[in-house]
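2 protein chains.
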Amino acid sequence: MRLVSTLRLTHGLVFAWALALGAQALAQTDPLPSWNDGSAKKAIVEFVHATTTMSSPKFVPPEQRIATFDQDGTLWVEHPIYSQLMYCLDRVPAVVKAKPELANVEPFKTVMSGNREAMAKFTPQDLEKIAVATLTGISVEEFRAQAQNWLAAARDPRWKRPYTELTYKPMQEVLGYLRANGYKTFIVTGGGQDFVRVYAEQVYDIPPEQVVGSAGATSFGYDKDGKPVLTKVPKFLLDDDHAGKPEGIHLMIGQRPHAAFGNSIGDQQMLEYTEAGDGARLAMLVLHDDAKREYAYGPAQGLPDSKIGTFTQALYDEAKKQGWIVISMKNDWKHIFAWEQ
Amino acid sequence: MRLVSTLRLTHGLVFAWALALGAQALAQTDPLPSWNDGSAKKAIVEFVHATTTMSSPKFVPPEQRIATFDQDGTLWVEHPIYSQLMYCLDRVPAVVKAKPELANVEPFKTVMSGNREAMAKFTPQDLEKIAVATLTGISVEEFRAQAQNWLAAARDPRWKRPYTELTYKPMQEVLGYLRANGYKTFIVTGGGQDFVRVYAEQVYDIPPEQVVGSAGATSFGYDKDGKPVLTKVPKFLLDDDHAGKPEGIHLMIGQRPHAAFGNSIGDQQMLEYTEAGDGARLAMLVLHDDAKREYAYGPAQGLPDSKIGTFTQALYDEAKKQGWIVISMKNDWKHIFAWEQ
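Protein chains in written order, with my numbering: chain W, 1099 to 1439; chain X, 1099 to 1439.
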């Protein structure tokens, strides 16, 4: 350890010198290069400046610098289908192979048929059956391995890329910019906590304990060899969407965020809760209005409310009323994806 | 921010120099000065060395360095009564003042009488009624303020000190030592998560999101002025004790710890789960065998199993069988409290 420490110190020293020499240059570097100048970019930069400048009346102590981000539709693509739902559908053949009796039982029969049109008509009850069959009855390690394998192999239908490459570069810049200024960044997703945790560290540099999401229970027990094992069981524990988001934030983070980012009605209460705190607060919504580079859905396009990622006209009106900043993907973002440039 | 950044850099630079110059001295400093030499201290130092030395076969990458600590009886005094129970009993007069109809209803009537002997006979149902009356029906901010006020004023009956001063100095050193070596330290308590979060940052340097505990639900809503509010409601959400500890760890941390510290049967499953992982693992139990400097209860003293902080003979035998290290407060700790010296 002594050697490692010394190496670290030397490295730290050189690094500090380099930083000191480059300080002025760094200070002038744009922290959000994928953002066009405009009210959205300005709001982020001003918020960070106001909350991290010691002399500012809006200064926020480092231990209170909490920022929360919805994931699907805010940090990465959610259209035309949530990646986790895709995962569950893709898992069905393996589940049916292990339990052949399911092959003739709905909704598994329809999934096995590959009939996408029929699948689009699945009821919430159908989807719950699929979720229970594909996400529970296995150990937390088995789930993790299965999800990792899928993520490595699966490609999205439009860009033919791994889902993990469909994250928005401008939002990655916001994550990094906030962290560089002492903010802890959390994902607060209506999606499955266990699923998002599989890739959050690799994709967003966000460790598992900073991912808050919908969660089923686990059950502690022992396998046939007496080895302790945590099994995912079909008991719904946390519904981390709508009112469940501020509730989940209190449970898992224990502090009110100073900044929150979302893109749908499922994020409204998180933004309300964030804004209701004292001092400087930042509440932003990503609007999907770029049919060419990504997708367009929601009120800005005069489009009907989408089944997923619902950005209703009511939410748009509320944002305007509350002073929440709506991010236009089309106008505010120079690039959408890292691989685009 | 530019000024702050420059100041930080300058400070960082000086600090790096100071560290470099003092590196050898630092490396020779005892990280656990309140511990006597012995198998317990040796196990901790060897574990840290093995898991943080790059060339070690037991090296653990920084992002996997998770250590979990029970709180009552492991990090601070739990006898003769848990501090949170004391808190709830002390809150009863204020609750009765607000709801006078409770004055003649049990168990509140007994609490108001001050009859400690009768209170010692409370059933779990009585305690639940007291918990619901004192911990719910208020906003999370109101609870926090009430608990902060109590902690500032309350004194423990034996040492006449604030409860927050009753933490074990040797365990504080372990927390600091692990953190200095890249470990994230978490409290995993059977006690109330919201209660422990009120003081964990001040007492242990552990932020709210790194406190996992038993938790009631909150409900998101709006007050009469339309302001968003999170209210603590009488719905039990997480029972973070026994099997609930590894389950809580998965839910809140999402990774298996490499080190776990406890002191009772409520910690057994957490230690089992920790030990069942690959590579280097550390599982330790604090034994209260020092009647003079703290308290003695449990098997080592031939004493009957205590109602709280139960360290049974069965747990003691299990620890020996599993190779878990039992920390003797009497023999392993030079000092118990920081103010003792």
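Calculated directly from the structure, the hints in this document are not laboratory data. Please read these numbers as outputs of a predicted model, since none were measured by experiment. Worth double-checking, as some hints may not be accurate.
If chains are identical, the list can't say which one is meant, so a pair holds when it fits in one copy or spans any two.
Claimed, not checked - Here are the computed lysine to aspartate or glutamate pairs in the DMTMM-like style, where the Cα-Cα straight-line distance is at most 25 Å:
#, residue 1, residue 2
1, Lys1333, Glu1438
2, Lys1419, Asp1323
3, Lys1156, Glu1199
4, Lys1207, Glu1299
5, Lys1428, Asp1135
6, Lys1267, Glu1239
7, Lys1219, Asp1135
8, Lys1282, Glu1299
9, Lys1325, Glu1240
10, Lys1140, Asp1388
11, Lys1282, Asp1376
12, Lys1140, Asp1337
13, Lys1428, Glu1239
14, Lys1197, Asp1254
15, Lys1322, Asp1224
16, Lys1219, Glu1271
17, Lys1156, Glu1263
18, Lys1282, Asp1303
19, Lys1207, Glu1161
20, Lys1418, Glu1215
21, Lys1140, Glu1299
22, Lys1432, Glu1144
23, Lys1156, Glu1204
24, Lys1325, Asp1415
Structure-based check of all given hints:
1. Lys1333 / Glu1438: neither (41 Å within a copy, 49 Å between copies)
2. Lys1419 / Asp1323: between (60 Å within a copy, 16 Å between copies)
3. Lys1156 / Glu1199: neither (62 Å within a copy, 45 Å between copies)
4. Lys1207 / Glu1299: neither (35 Å within a copy, 53 Å between copies)
5. Lys1428 / Asp1135: Classified as within: same-chain Cα gap 13 Å, cross-chain 65 Å, threshold 25 Å.
6. Lys1267 / Glu1239: Classified as neither; 30 Å inside a copy, 36 Å across copies.
7. Lys1219 / Asp1135: So Lys1219 and Asp1135 fail the 25 Å test inside a copy (42 Å) and across (68 Å) alike.
8. Lys1282 / Glu1299: both (14 Å within a copy, 15 Å between copies)
9. Lys1325 / Glu1240: Only inside one copy: Lys1325 and Glu1240 sit 15 Å apart there, 44 Å across copies, limit 25 Å.
10. Lys1140 / Asp1388: within (21 Å within a copy, 61 Å between copies)
11. Lys1282 / Asp1376: Classified as within: same-chain Cα gap 18 Å, cross-chain 29 Å, threshold 25 Å.
12. Lys1140 / Asp1337: neither (34 Å within a copy, 45 Å between copies)
13. Lys1428 / Glu1239: Neither, since 40 Å and 40 Å both go past 25 Å.
14. Lys1197 / Asp1254: The answer is neither: 28 Å in one copy and 59 Å across copies each exceed 25 Å.
15. Lys1322 / Asp1224: This pair counts as neither: shortest intra-copy Cα distance 33 Å, inter-copy 40 Å.
16. Lys1219 / Glu1271: Neither. Shortest intra-copy (37 Å) and inter-copy (59 Å) distances fail the 25 Å Cα cut-off.
17. Lys1156 / Glu1263: Cα proximity of Lys1156 and Glu1263: none, with 36 Å in one copy and 33 Å across.
18. Lys1282 / Asp1303: both (11 Å within a copy, 16 Å between copies)
19. Lys1207 / Glu1161: Intra 51 Å, inter 42 Å, cutoff 25 Å: neither.
20. Lys1418 / Glu1215: neither (37 Å within a copy, 61 Å between copies)
21. Lys1140 / Glu1299: Cα proximity of Lys1140 and Glu1299: none, with 28 Å in one copy and 33 Å across.
22. Lys1432 / Glu1144: within (20 Å within a copy, 52 Å between copies)
23. Lys1156 / Glu1204: neither (56 Å within a copy, 48 Å between copies)
24. Lys1325 / Asp1415: Answer is between; shortest inter-copy Cα gap is 18 Å, intra-copy 55 Å.
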